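Novice: Chains as they are written, first to last, in our numbering: chain G, 55 to 167; chain Z, 16 to 124.
Hint data in this document are derived by calculation from the structure and do not stem from the laboratory. Hints are supplied without guarantee of correctness; some may be wrong.
Claimed, not checked - PhoX-like cross-link-like pairs, simulated, lysine-lysine; straight-line CA separation at most 25 Å:
{"id": "1", "chain 1": "Z", "residue 1": "123", "chain 2": "Z", "residue 2": "94"}
{"id": "2", "chain 1": "G", "residue 1": "67", "chain 2": "Z", "residue 2": "74"}
{"id": "3", "chain 1": "Z", "residue 1": "84", "chain 2": "Z", "residue 2": "94"}
{"id": "4", "chain 1": "Z", "residue 1": "84", "chain 2": "Z", "residue 2": "57"}
{"id": "5", "chain 1": "Z", "residue 1": "83", "chain 2": "Z", "residue 2": "94"}
{"id": "6", "chain 1": "G", "residue 1": "84", "chain 2": "Z", "residue 2": "57"}
Computed from a predicted model, the values in this text were never measured in an experiment.
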Amino acid sequence: DAGVTQSPTHLIKTRGQQVTLRCSPISGHKSVSWYQQVLGQGPQFIFQYYEKEERGRGNFPDRFSARQFPNYSSELNVNALLLGDSALYLCASSLDTNQETQYFGPGTRLLVL
Amino acid sequence: EDQVTQSPEALRLQEGESSSLNCSYTVSGLRGLFWYRQDPGKGPEFLFTLYSAGEEKEKERLKATLTKKESFLHITAPKPEDSATYLCAVQDSQGDMRFGAGTRLTVKP
Numbered sequence: 055d056a057g058v059t060q061s062p063t064h065l066i067k068t069r070g071q072q073v074t075l076r077c078s079p080i081s082g083h084k085s086v087s088w089y090q091q092v093l094g095q096g097p098q099f100i101f102q103y104y105e106k107e108e109r110g111r112g113n114f115p116d117r118f119s120a121r122q123f124p125n126y127s128s129e130l131n132v133n134a135l136l137l138g139d140s141a142l143y144l145c146a147s148s149l150d151t152n153q154e155t156q157y158f159g160p161g162t163r164l165l166v167l
Numbered sequence: 016e017d018q019v020t021q022s023p024e025a026l027r028l029q030e031g032e033s034s035s036l037n038c039s040y041t042v043s044g045l046r047g048l049f050w051y052r053q054d055p056g057k058g059p060e061f062l063f064t065l066y067s068a069g070e071e072k073e074k075e076r077l078k079a080t081l082t083k084k085e086s087f088l089h090i091t092a093p094k095p096e097d098s099a100t101y102l103c104a105v106q107d108s109q110g111d112m113r114f115g116a117g118t119r120l121t122v123k124p
């Protein structure tokens, strides 16, 4: 079975631009969570979506938004990029809202110049 | 606020030299404590979930234990392929997850 997939793998943007990251969960998984991982730190929770509804939100500014589609794939959007948004963005899927067993994708490496 | 502190930040071992990684936490109602392995440039790989003090889980050379304030990941006779960053995370009663910064393990042959 295919695991969690994310696209693109790498991305370079300049300050002020907008970016959209994409995630496809494991087949049968209905929940998708997004995390930001800055170099040298652990992942920090951004959002969780389940059945197309937001079920959790971390301490991130409104520049960050996400949505989930009927096929359970998800997009993370970041507007007005700042240098500090440079990070590895991870998507994780789980069967339901319980994140006890969540499987991570390989991430999208975003560099903001 | 939930806090997770992992120590040491980095650990270098010789192949076969057993050791332990520490994860100290403060959380409002522990729902679960998780250990992940992360290789460079990749997403975290799930290893264990522990739910209550006294619980232990094993997988190959890894054994995770849990007390009311900390968890240990014991690595027995490590091999070079065990080199990775090991992340600890806690989930509180609200369902929120918080990760530690990780321990970067290097096992030399």
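Novice: Confirm or reject each hint.
Specialist: Going down the list of hints, with the structure as the test:
| no. | hint | in the structure |
| --- | --- | --- |
| 1 | Z:123 x Z:94 | holds, 8 Å |
| 2 | G:67 x Z:74 | violated, 41 Å |
| 3 | Z:84 x Z:94 | violated, 29 Å |
| 4 | Z:84 x Z:57 | violated, 29 Å |
| 5 | Z:83 x Z:94 | violated, 30 Å |
| 6 | G:84 x Z:57 | holds, 22 Å |
Hint compliance for this structure: hints 2, 3, 4 and 5 are broken, all remaining hints hold.
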